[in-house]
Each structure stands twice: as structure tokens, then as C-alpha cells.
Amino acid sequence: MDRALRSRLERRFGERLLSPVVQRHDETEIRVAAADVVDTVRALHDEPDLHFILLADLAGVDTGTHMQVVYHLWSERTADWLRVVADGLDREAPRCPSVTFLWKGAEWMEREAYDMFGIVFEGNRDVRRIYLPAAYTSFPLRKDFHLADDASRSPGMGVRPMEETLPPRDATPATNIRRAQAG
Amino acid sequence: MTTQTHGPHPSLDDPSISVEDVVRESIVDAVPVARTEREAEFYTLRDGELLLNMGPQHPSTHGVLRIVLKLDGERVVDIDPVLGYLHRGVEKLCENADWHQAICYTDPLEYVASLFCEWAPVVAFEKLADVTVPRRAEYIRVLTGELNRISSHALYMGWFALDLGGLTPILWSFIERDEIVEMLAAITGQKLLFNYFRIGGVNGDISHEFMSRLGDWMSRAGAQIEANQGLLNENEILVRRARGMGVLDRETALRMAVTGPNIRASGVPFDIRRAHPYSVYPELEFDVPTRQEGDSLARYLLRGDEIKQSLRIIDQVLHEMPDGPVMATLPRLIRPRPGRAWAAVEGPRGMYGTYAISDGTDQPFRMRIHDPSFVHLQLVSLLTPGNLIADTMAIMASLDPVMGGVDK
Amino acid sequence: MSIAVVTWQRLNLLGRILAIVVPILLALGLVTIGVAYVAGPYAVGFLADNVPLLRFVAAIGAVLLLTIPTAFIVIYLELKVIARMNLRVGPDRVGPFGTAMSVVHGLKFLSKEDFAPTGVDLRVFTLAPVVVFGGSVMTFLVIPFAPGLFGLDMNVGMLYLFAMSGLTVVGLLMAGWSSFNKYSLLGGLRSAAQMVSYEIPLTLALVGVVLLAGTMSLNQLVLAQSGSIADWYVWRQPLALIIFVIAGIAEANRSPFDLTEADQEIVAGFATEYSGMRFGFFFFAEYVNVFVVSALIVTFFFGGWTAPFDWPFPVVISGIDPLAWGVGSLIALLLVPVVGTLVLAAPFWLSSRISTLQALVIGFILFNVVAVGLLLGWAFVSLDWVTGLFWFFAKSYVFVFFFVWLRGTLPRVRIDQLMGFAWKWLLPAALVNIFVTAAVIVIVNS
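Protein chains in written order, with this note's numbering: chain A, 1 to 183; chain B, 1 to 408; chain C, 1 to 446.
Only chain A is shown next, with the shape it has when bound in the complex (with noise of 0.2 Å):
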């Protein structure tokens, strides 16, 4: 954990921080709003005290009440890993601004990401489907999606195993929506 690195943040994006920095392990967490995504990622970028240079990964989250586009940086000026989280996306249409202005290596992620959750990224030039056939309707990550085969489901769900035959007295109907408690 990375003290300085913590401060650092909190002296530079105060205002913007929807939540508390959180550290744990080797790993820093902010939360911005999805409209300062392009403002943070920028300083994160070009700031010389930050200079996180490199974008290990992007990923879409789906918490079941709303959508997250969650980025991890690399510095060299610290020893954590910077996790971004782009918060409070709306579930029915999430937008979010696209950061392949900065990382065009961001491009496939942000599809990826549209084409599991739907989320759209505004300034990717691309926003298409990359795994799935273009005629595809739903987004398979998203919470509301659940395999057609609920044998997959393990008990800590209280589904059947594939094992039993009969259903189990306490089953959930599969219509719910597990939500993050994690948030």
C-alpha cells in the first residue's frame, strides 16, 4: 500500500472522488463519476508526479443496480496497481466517454465491454460487437443474463447440483438478480 500515492490522489482529485480511496494489498482504488473519466485518466496520464503511462486493462461491471467501467493503471512512480472505477453508469443505457484518445490499445476492451454489457463508449470509432454474431440481442455479463442451464448454478445458490434430480426445497427462482454487496 502506497501512502504517499493515496494522499497524492486525494490532494488532486478531492472534489471528483465519489468515495474514499481505498487501499488493499498492493492496490489503489478511486471512483469517479463517468463524465470526469477523460479529465482523470488525462492528469493520471500526463501529470509528471502520477505518470501513469500504461493501461493494463478495462472491464465492464455490471453491480445489478448499475454499470462500472473499471480501468487498472501503471506507474512506475509507484508500486501499486491504480484501479479506476468509472461509477454510477445507468443499467438501462450506460454511456461512458472513451479513453482511446489517451490508449488506442483501449479500442478491443471498450468493444469487449459493449458487447458484454452494452456499454457504450463515446469517441471509440468502433462500438461493435466483437465476439458475439452481429445479430446478437442481449449482453450475455450482465446480471439479467443467466444460463439457460441452471445446473451450472452451485450450491452456495441454493440451485440443484447436476447430480439431483429433484429441486432442492429452498431454491431461488432464477428470475433474480444477484446483487453486489461488494458494491
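Don't take each hint at face value.
[As the list claims (entries may be wrong)] Sample of chain B residues facing chain A (criterion: CB under 10 Å; computed from the structure):
1) V82
2) G222
3) A223
4) G244
5) R255
6) V375
7) L379
In short, the hints are calculated from the structure, not lab data.
Where is the CB? At the ideal position from N, CA and C, for every residue including glycine.
Fit chains B and C to the given chain A structure using the hints.
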């Protein structure tokens, strides 16, 4: 390629249109309706250009990649990779498996060096569950991982030559791969998808057979690999076809989020083993080889340098490996407390990452798998335009994508 | 029920077949004899008047037949030698050491469906393999295999050769164009560009040889090199040899210049849409071409069928001329096999417990081996064309091996490197070679 996918072609009912006409029409005009700016640009043909569909069944597309080439004669004007032919929805599957089972799903992503796609989720889950891994297990992970890296690089070097039209090196490169795979099979029981790493350690200690095979191989590995590379490295045709081809400069490499040997061949010494150390790598001595050219040849030769460093690491690990347990004590069903973790490891192709979210149940709430092949395949459309069809293959081979990881 | 029906029903299958075939054969034989009796004198007269025509037809037939074993041997060599270089075993199931593998390949091609995809230009599509195969087979016609053993002795043999190898381009272009496939088209166009470019250095490389020999007839060329190893043109035209070998590989579409069928780039090039025997023709033509190029290298630079040193053969062994023995030769022909079989069978019959019949079978096989060996030895010693064939094939297969070796070793060049090499290096080098040769000849003669 049109959005109309169901039912027969509408004109098949019309007796005045022959089957040949329909086939001809569907082949010649198979241009999709543009949905994005990029797609519109790509599928608009200027005079003299033609679209060539390559794959998903093509001898050199490394699995089931499909690429659409826009050609002007032999020269590639633009290139549009089309993915998804190997997509299995691993991330969704992982959300429906428990934490231990999820590791098995990640295994087949990278079938050439499968230990590394186990490694990243394993580290991420350990962070989530606050598990401390025994030191011996960490050493074993490094040992097997480096062996797997060598086998992957050795295969890559043969593969590169194969995509340049050389028949022999690929089979020679299987010498190394075969010996290492046999070795790993002695402790993991499998030859391709090892499924060896567990949350909290590894599945079983290294065996006597493994050690004897390893010792036997280590005594001649250096010379053997040198000999295999001697077959190629100074081959005039290979050098002439790879030098100056697909040059990826430092800034572009960073902009394209490239990692692994591909970015090191462009002069950026980014190696997660050093840049963000994990496991016992901080205690081991090794260099991060870099090359400045950034072309196909540099990417190819860099793998050779990395093999030497891996041998060095293995040597140290064998001398320093402590005794002790190889597995932390953990319940069969773990329920990490809610939280998020990201872990990345340095694989033979670049950074393998896992972002896992726990909601306190026995299944991942979200599991994101980052595969370097996916990112690197984007480079094809950046590096190949302006070159010839043959160079497309050479450049793609030098980037070393594995389709299992690209398509997830 | 007549006796014929009863007899017919009592015959087994073989008997029935024989009962049908034997009378037919008898009848045909009688008819043949009758026709020969009536028309024979005229036919003989006609043939005697047209010996060149007869020779031509016979040569074509022989050449067509010769291509099949040639292709088989080259294919087998390629499979086996490359396998060894790749640390593989190669074919080892069919026949001893897998030698029948290429025959099985051929049968496989024959038994496949004759398939033409939708959209192809069927006439051109069908004709293309024939043109390619024809082009490579026709080159055989002027190659002197041994003294007196050649199809045609043309005084413009060399021009004929280049004309025929030019025909291959037409075939490949036809295949690429008619296949209705972009890969085929690219392959066909590549082959056209490549072969047209390499034809020029290939031809110019030989001008030096022609200047030296003063003839374009391949027979005369070989005779001009006869003597010893020092008389071969390889010493006087080393540059031409290098150019010719490189251009020859490119002409034969062999690795590292096999761009027309680069499977990593354009799948199988012009042959992508072909299957079955149509593909078989391309396949055969490729391997026949390998042999042809090797044979040409040997003919032009390594003395053709001439021996590399002062070879004592052929010698006439007096006293073993069987024709001089009269009736004695007939008796020998009757007695020697029987006696030989018995003599060779005796040790086996005496020394081990095998039955008499088995011993006789072993003896008979051994006798055949010995007899064939002796016959070949005699032919080699006393017939100059057998000696010539031996040297010709020995030298040719060295180069066949060389081509296979290249294929097992080298990656493929790129199309622009290939073209650049032909026009920027080989062509000037060939021109320099011509000027230097001509200058030297003028200086030496004056």
C-alpha cells in the same frame, strides 16, 4: 456477413434466378451494413481494391481467427480482424462456478502456456481471501512457470519460421516443448492444460521423476536451445523478411497497451516481474532483456534472450527452494469477504491479469480476465497496412497471439 | 434343361468369367491374325516409310510412362528426406520403408470425386491441369538420357525447352483465373509474374553454354562435355550454373520460391479449388518439374550421361555372346533356371527343418535375384546406354535431393524480394556472364 442470418436466401424461390447467381452475388457482395465509423471506412472500397477473407479456416491464422484484408494487388491497404470463433464465455462461466472451479475455466484460455492463466486468478483470489502462500509453493510456481515460459517461447520461435514458410524449425522446436511438457506432466498429470495452481499453493509437491527429468534437461538445455536457434537466427531469408517489418515504436507500444516481450522489443523495459513484483521474483536475479528496434526480428530475437534469463531463474530456484508445505490450509468452499482484487503476472506473451469481485458468496461476482493476445492482436491492423500479404503473416506471427486467449 | 445350362450353373465365379473371357480372347486373337495377314504388309511399309513419326509416337508414349515413376520417386524422396530433416520417421507403412506411399497417393487422387465448385469456368478449369502437366512432360522429350536414348534430337532443343516451360505459366494462370477464388487468382498472378521474370535469367544463363558448345541441341551439348570431369561446363560457366539453379528452382515453383502455393499466405494458390485427379495433375507436374530441372542442370553443366572420369565401360566381353551359341543357348535357357533353383535351394533344405516346397520357393526367389543381378551387371558392363542411364540418373537425383534439402531448410522469400532478385541481380549477372564468355572465346580464338 449480412445481418440477415435466418432462413434461405429470399431469391431462392424465384425460378428466374439461378443458384449460381445467388452464390455469386453472396460471395461478391458480402459486405456488411456498416454500423460504426471504422466499419464504414473499412468496407468502402476504392477503385482497384478487393476484400480477401482469410480464415477462420486458414493455415496460418493460429487457430480460428478470421481476418478481412483489404488489398490493392498484393499490398494490404487495411485489415479487420473478426473474433469470436472460439468464444466460450469463460467470464460468465466463472461467475457460475465457485472460486476453485473458476481456475479450471481459465486454464484452456492460453493452451500454449496454460500455467500463466491459472497464476493470475490464483493470485487475485488469494488477495481476496487474504491467504498467505507457503514459500515452497511460491518457488514451485516460479519454477514451473519459467519452464512453461521456455516451452512457449521455444514453440513460438518455430512457429514464426513456419509462418515464414520454413517447414523444419517448428518440429525442432517441439524438442524443447516436449521435454518440458513431459516434465510438467510428471507432477501435474497433464500435458497441455496443467491445472496445477490452487488458491493457497500448488496441487502436490514436485516429484522425484520431475527433478530427475529437470536435472537431465538442464544439463543440456542451453546448448540444445542454442543449436535450434542456430538453425534460424542467421538465416538470410528470415532476417531479411523480419528486419524492419512491422515496426512498433515506444510511444505507440504504450498507447496500444502492449505488454510482455512485444513492448520490451520496442525498448520499454516493462516486465511485471520487475515492474510490479509478485511471488518470489524480487529475491531472484535476472535481467529484463530489451531491444530497441521494435520490428519483427527484435520481437523474435527477444524471445531467445528471455529463454536464457528463464534458465537462469530456474537455476537459482533449484538452489534456493526451501522445504515445507506446498499448500495453505483452506476450506474446500471459500467465501472471501466482499471486495475487489486485481492481479497480474508476466506470461510469455505479456500480462495476464485477473480482476475479481467478491460479494461474500462462494462464487465470484465478476471475474474479468485480461489476456495479452487480445491486446496484441489489435496491433495487426496497425502494423500491417502498407505491407504485403506475406508480411501480414510474418507480423502476426511475431506478435504471437494465441486464439484461445483472444477469444476467451 | 440343356447341358449348357447345367454346366453353366455348376461353374463357380472364376469359371464363369473364364468361360466368357477365353472365347472372346480367342476370337479377338483370330481376328487380329487375320487383320495382320491382310493389312500387315501395308502397315509395315507405311511404318518403314515414316520412321521419324513412329519414333515420335513411341517417344511420347515412353515419356508419358516415364513421368509416373519419376514423380513417384521424387515424391517419396521428398516425403522421406524432409521427414528425416524434421526428426520424423516419414512414411513407413505402405511397402518396404514406405516406398509405395506415393503410389497410394496417386490412387487416392484417382479415387476422389471429380469436383468443380460453383462459379468456376469449367472448361478452363478442367484444361488448366492438363496444360501444366503437358508442359512439364513435353520437356522430357528432348532430354538425352543416354547415348541414343532420347525422344527427339532437335537442333533447337533449348528453345523448345523454354517454350514448353513457358506453357506451364499459361496453365497456372488459367487455373488461377478460372477457379473463381481470390486466393487462386493471387496465386495465378504470382506464378505468372514469377515465371515470366525468371524465364529471362534462366535463358540468358544458358547463352554462355551455347556460345561454348556452338549448338542448341542437347545431345550435342552432352557430347561436347564428354571426356572427363574437367570437360564439364560447370568449371567454365560457374556463374551461369548458379543463376540457372536459382532460376530453375523458381521456375519449378519450389521452396524457397514456392510463392504460388504459399500455404501460409494464399492457402494453396492456384490449386486451392482443385481436388482429386485434377489436383493430382498439378501435383505430378510439380514433381516432374523438379526432376526436369535437375536433369537440365546435369545436361547443361555436369556432362549429362557422360561419366565423370575415364570409365572403362562399355566393354565387349567375348565368349558370353549368347547369340553365338546356337542351340546351346536354348538348352541353357531351359536348364539354368532349374539347376540354379535347385543349387540355391539345397543349403536351406539341408540346414534347416523347412519343408522341401518352402526350400524350393526360397531357391527360386534367390535364383531370380541372382539372375536379375547378373543380367543388370552384364547390361551395365557391356551396353553403353545402361551406363549412360546410370550416370544420368545418379547425377540428376543428387540435384533432386538438393531441391528437397532446400525445401526442408529455408523459409520462403517475399514476392517483392523474389522479383527484385530476378531483375536486379540475376539478370545483370547473366548478362555479365554472356559478355565475359564471348570475350574470352574471341580472345582464345584469335
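Using the nearest Cβ pair, does B:R255 come within less than 10 Å of chain A?
holds (5 Å)
Less than 10 Å between beta-carbons is the criterion; does B:V82 satisfy it with respect to chain A?
holds (9 Å)
Chain A contact restraint for B:G222 - C-beta distance below 10 Å
Violated. Min distance 32 Å.
Does B:V375 hold up as a contact with chain A if the rule is Cβ-Cβ below 10 Å?
holds (6 Å)
Please verify that hint: B:A223, Cβ, nearest Cβ of chain A, below 10 Å or not.
violated (37 Å)
Does the nearest C-beta of chain A fall within a distance shorter than 10 Å of the C-beta of B:G244?
violated (22 Å)
Hint check, B:L379 versus chain A [nearest Cβ-Cβ separation less than 10 Å]
B:L379 check passes; min Cβ-Cβ to chain A is 8 Å, inside 10 Å.
The earlier numbered hints that this structure contradicts are 2, 3 and 4.
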